[in-house]
Every structure is written in structure tokens, then in C-alpha cells.
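Chains as they are written, first to last, in our numbering: chain F, 1 to 259; chain X, 1 to 268; chain V, 1 to 253.
Keep in mind that a hint or two might mislead.
[What the hints assert, rightly or not] Listed below are the simulated DSS-like cross-link pairs for lysine-lysine, each with C-alpha atoms no more than 30 Å apart in a straight line:
#, chain 1, residue 1, chain 2, residue 2
1, F, 142, F, 106
2, X, 88, F, 182
3, F, 106, X, 88
4, F, 182, F, 106
5, V, 216, F, 142
6, F, 142, X, 88
[As the list claims (entries may be wrong)] Estimated spans, in silico, between C-beta atoms of each pair:
#, chain 1, residue 1, chain 2, residue 2, range
7, V, 91, X, 122, 29 to 37 Å
8, X, 105, V, 194, 51 to 59 Å
9, V, 84, X, 251, 49 to 57 Å
10, F, 23, X, 30, 54 to 62 Å
11, F, 235, X, 28, 31 to 39 Å
12, F, 75, V, 99, 33 to 41 Å
13, F, 194, X, 126, 32 to 40 Å
14, V, 195, F, 149, 56 to 64 Å
15, X, 230, F, 26, 50 to 58 Å
16, X, 210, V, 75, 21 to 29 Å
17, F, 23, V, 99, 34 to 42 Å
18, V, 192, X, 138, 43 to 51 Å
Hint data in this document are derived by calculation from the structure and do not stem from the laboratory.
Quick caveat, the model's predicted, so the values are computed rather than measured.
Quick reminder that beta carbons are idealized off the backbone N, C-alpha and C, glycines included.
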Amino acid sequence: MIEVDGAGRSFTVTRRKGLLRREREVVHAVSDLSFQIAAGEFVGYLGPNGAGKSTTIKMLTGILAPSAGRIRVAGLDPSRRRTALARHIGVVFGQRTTLWWDLPLKDSFTLIRHLYKVDQVRHRERLAELSDVLELGPFLDKPVRQLSLGQRMRGDIAAALLHDPPVLILDEPTIGLDVVSKAAVREFLRGVNAERGTTVLLTTHDLGDIERLCRRVMLIDHGRLTFDGTLDALRATVPEETSIEDVVTRLYTRTAEPR
Amino acid sequence: MGEALGLARSYVLLAATWVRAAAQYPLSMAMLTIGSFVVTCLDAAAIVVIFVHTETLGGFSLPEVMFLYGTAGVSFALADMLFGNVDKLGQHVRAGTFDTMLIRPVSPFVQMAVDRFAFQRVGRVLQAAIVLAVALARLHVPWQRAWMIPVMVLCGIVLFTAMWTLGGALQFLLTEAPEIANAFTYGGGQLTQYPLSVYGGELVRAVTFIVPLAFVNWQPALYVLDRPDPFGLPYWLRFAGPVAAVTLACAAGWAWRAGLRRYRSTGS
Amino acid sequence: MFGFRRHAVYRAAAFAGAFTNTIFGVLRAYVLIALWHARPGLAGYDVADAVTFCFLTQAFIGPMQVFGGSLDLAARVRTGDVALDLLRPASLQLWTMADDLGRAAYLVIVRSVPPMLIGAALFGVRTPAHAAGWAVFLTSTALGVVVSFGLRYLLAMATCWIVDDRGLQQMSLVMTTFFSGMMLPLILLPGWFGTLTRALPWAAMVQVPADVYLGKTDVLEALAFQATWAAVLLAAGALVTRSARRKVVIQGG
């Protein structure tokens, strides 16, 4: 479903040195990234802040064009076929909403229906289904800005799935949520993956997400993939450790050491 | 062509959703429509006050100036209502909402243009249309020349839209200075309210040959009103509006695409 | 990082504002020149006075917030955060005013000086003859800012009582742009209507300080006019603040 082969993205950063002198420097946000995700997988994507997670997500969704390598999502090259790809993927940004701040939630959904050209009958069915499972009913008529973070996130997830995409990409979907909302979101994502066979890739800092949801974990640091395997395999790298937190902390600090 | 129709259809459907949402508060919507009508009446009032003190301005009578004001006003207000939001690009980039537009299957240009579609701006269109109607009633333009009026309004819409698009595209480079573009878009609106004969020769040549705002109303109006060009520019320029409009639109489209390409390779 | 970026945005916005004001100054100057060419000496101004007036109006836009650039306070009223401000021991009104005057002083430098300089370079503008003239003009400008603040403060506080303030904002914009002398010098408005507009508070924001600059008016009379309106508006603002505080105390926000 997702194929990444030697993908890289470098930026040229201009730094001001003194009044007129400027220095150009090439920064590799992501380099030589390769992995494959098969249909129906549920993959967690971990890494410390600034490791290249967001850059990867942006490349997979077609927001950012890679400077090297080859990427295919649902069989399409994201950077060339961005608009075609949009119909095949759902995207959720935990840090900001894709909904419209001033509009009632259900009007946001109407806008999305028109953007994806979903016909009215199918849209109504899908919305009924999603609002049933995500319990959106009580706040469908409220403007998005009045929703709590948990409500908003459920709205955002529904919005990403209204056009029934085979791939769902979530960037920190549980950030800032309380325990109850977090559990609801996790339960829902597990259901989507298990029942509809939706391929899910999520980034997170919350290791609970990983433990409860992801059969496979990928770790990125300094723009490079440092681990790719099952959760058990990740645990096995440091056998005497018990909690997953310790494992990951150890991996983070190990890779963060100067090379 | 099919693609353009598809985009137009998306635009209309999205705009309708915004209007329906705003119509939940009919009183507020009516107030804002009337308000936008009154605000633009001030420009017209300024012209009337000027003509309290003089018979002609830059060699043009009150109905002639109202004709110029009305045609440019209708073009400007329609372009602003339909596409004026494109100049909010800097805000969208800073807020991260531009990225969310890129994950949708519709051109980000259309999404930005229609974002918070404000039907109440129709008040300004109406105001300019009334001024134009009053001017036409007093001018007695012969039918042989009147055909130019719809052509010039249409070209004006394209020219102003292209200006907004250029302003938006500029913000791919300067995300931190959005208001720079205002000087050209709103400045263009202000410029075309008066006969260009009041401005200096160099300015007029600049808005004829560089930023072709003279074709919004001035050049075609010289034809409609059958007046000699005070700056002695060639007669055929009066018919060059469509060429200017298409040229500027192409330039704007190119700039927008280049800006978008740059954005997608730098991510900021 | 964020702070720096916000500062950069603010500075860039100020620069862009100065640029736009200058362009509009040039366009409006040409219109006024055409009018004064047709009617030399109209309303006691000559062409140079008219051009100077035009660039002064553009220079006032930033510091006086002629286009209703509202106070941060308005947003705080809308979100209800103002309740916290009202319960503080310091006077909300004075505190907000100090903030606004500081901002105005900054904007005079970045948004008022450039259009005046470019106006001077392109068309030539008049300048006050003596240092005393400059001092009086600066006083008059400061009073104009206070009047502008008084109006905007009332507008922001009004949001405590009305739900949707957009209509009110728009009305304020209409009144300010037209009745300040921004669109056209108020001296061009005929008869009783002209007399009326010159007596309203908005005149204290553009027309009066411009006339002080050009030496077209009795200085003491002009300053007294501005000071009176400033006092009236600030007093009204104090009353409104008091009843807003009572509202907050009773309703608990």
C-alpha cells in the first residue's frame, strides 16, 4: 500500500552571518528512507521531535516533494498525483484541525463532501455510521471552535474517513487528549483497521498508542530509519528491560549520541 | 475545459455551503450586506463632493467619472467577492491551514478563493452597478459603442483576479508581508475610480504597459465615450483589453504554479 | 523562535502598511491636485496644502488606526478573558491606553515617516515653519491618538453587551474614514453638513491635526477641541468600564 524506496528530503537553509554575509547550508531532514507497508497493516512511526516524522508524513501525502528516491502510496506517486491520491488517503493532523473553525461540525462535513465529490446518499450513510461509532451526535451542530479537544479530534477523524479511503495517516492523533478520549480514539482506530481493513500509519509520542494498536513499529532518528519490526522484536533488542518506555528511551538516547 | 467546469462546480457547491451557514443568522447577514453597501458609497460620495466644487475633473464630467467608477467598481467588487481571499495565502501558510488544503482533491487556489465565502460583499457589487446605471442613464451611449461595456467589465474581472493571484503568489516568497499585495489590488481599485488623466504620464504608461490596469476601464471607456486619449497613446489600445487580460491571467497562473512548486520543495 | 517570528511578522506588516499608505497617498494626491488645478485656492488651501494634507492623512492611518484596527482588548472581550482584566487592581482603561500610545509612537516612526518623505520627494510637501510648530503638531497628533483610542475602547467594550460586533465595527469604519477627513478634507464638505462634521470627534483624528500642521487654524482652539473630545470619550469609557465590572462581578463572567 505504501512503498518508500531510498526517499530523501534536504533543505537549503540560509543563515545570516553578520549584516550582509549569509551562509547556505544543506540540511537533510530525511535521508535514504526505505520501507513498505502492506494493505491492512497498522504501523506506528516513532521518533524524537525533529527526527523527520513530519517530513515523512508530508512526503507521503504529497504536500512535500521528495528530493531523492521513489514513493508510492496506493500505487500513486504523491508528489505528481497529489489530487488523485487525496481520494485514496485520509489524513489527520493532531496539532491542528482540518475542519473549519467557525462552522458547525456538520457544515464542515458538507464542505468535505463537496471537496471529495461524494454523492449525498453515500455521504449520509457514512456520516451516520461514523457519528454512531464516534458519538458525534451531541455536537454536530456546534461550531468547531467550541468543541473540546477530544470532540474535535473525533470530528477530525470522521472527516478523514468520510470518503472511505483505504489508507489512513495520522500525525499525533492522541496528543493532548484525556484518558477517556484517548481510549475512545484508540478503540475506534483499532476497529477501522480490523473491520474495514484500512491501512493505518500513525506517528505518536504516546507509547500507549503503540502498545495497544501497532503490530509493527518503525523508529526514525536524525532522518534515518533506525528500527523496523514488531513490538516484540523491539523489546527483544534490550531483553532485560521491562517497560516499552525504557526500551524507546534507550533507543532514542543511543541514536542521539554524536556519530 | 472539463477540468475548469469541474472546478467551477466545486466552487459553487462550496460557496453555497458557506452561504447556507451564514444564512443561519439572517439579521447579521443583512446588516453586513447593507454595511458593505454603505462603505463603498463613501467613495462615490467623495466623487460627488469633488464635483460640488468643479464641473470637470481631469477633463471628464461627473457622469463620465461615474461611468469609470461604476465599470471598475463592478469588476473589482465581483473579483474581490469571488477570488479576493487568495491574498490570505500568507495567513494560511503561517497557520498551517495551507497544508490541509494540499491533502484535498481540489486545487488549493479554489479552496482558498472560496474559504469563508462572503455573500455580503454583493452589497459592493450592487452599489457599483447602481452608480453605473445612473451614469449610463445620463450619458446616452450609442448602441454601436455600448457593446464594449460588458466586454470591459469582464476583462476587468479577469485583470483584478489576476492581480489578486499575483499578490497571493508573491506570498509564497514573502509569507511575512501579506499587505504588500494590497497596495496593488486595492490600489488598483482606487486608481481606476478616477479618469487616468488626473495622474502623471509616467504612472499612466506604467499601468498601461507594465501592470495593465488601464484596460480595466480607461482605454475601453475612451472608446465608449468617444474621447481622444489625453496622453496620445495609439487608438487600437482601446480594443486591447482582452489581450491584456489574457496575458496578465497567464502570468498570474504561471506565478501561482511556480510559487506552489517552490512551497512544495521547501515546506515553508 | 515563535516570539521572533511574531515580531518579524509585525515588522513586515508595518513595512507593508507603510508601502500601501504611500501608494494610496500618491493616487489620492493626484486627484486632489486635479481638483485644486480646476479650483485654485479652494477652501483656503493651495495645491501644496492639499498635497500635504493628503500625505498627512496617510501618515495618520497607522498611529490613529483609522481603519479600525481594533485593540487586543476587543478579542479579549469576545473570548471573555476580559473578566480577568477587569478584576485586576490596575485600571483597565489606563493600562490599555498606555499600551495603545506606545504602539502609536512606534507606528509613527515606521508607518508615518515613510509616506511623508516619499510625498515630499515626489510632490513636495509643506513643513511647519518653526520648532514651535512641530511641537504643537506633535501635541495635536498625540491628542488625536487619545481620541482615536477613546472611540476604539468604547467599541471594544460594547462587545460586552452585544453578541455580534461585526456590524458595529463596520459602522465605525464608515464614520471614521469619512468623518475624520480621511476620504476628503472636511473643509470641502458644504454648508451645515460640513460644519457638523468638523464638530464631531472624528475630526479630531485627521482634519484638526492636519490643519494644525498646515497652520490653517487657531492652535489653542484646535487643541481645546481635541482635548474636550478626549476627556468626554475617556469619561464615557470609565463609566462603561465600571458597569462592565459590575456585570462581571454579578454574573461571574
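Hints numbered earlier in the text: which of these fail when held up against the supplied structure?
2, 5, 7, 11, 12, 13, 16 and 18
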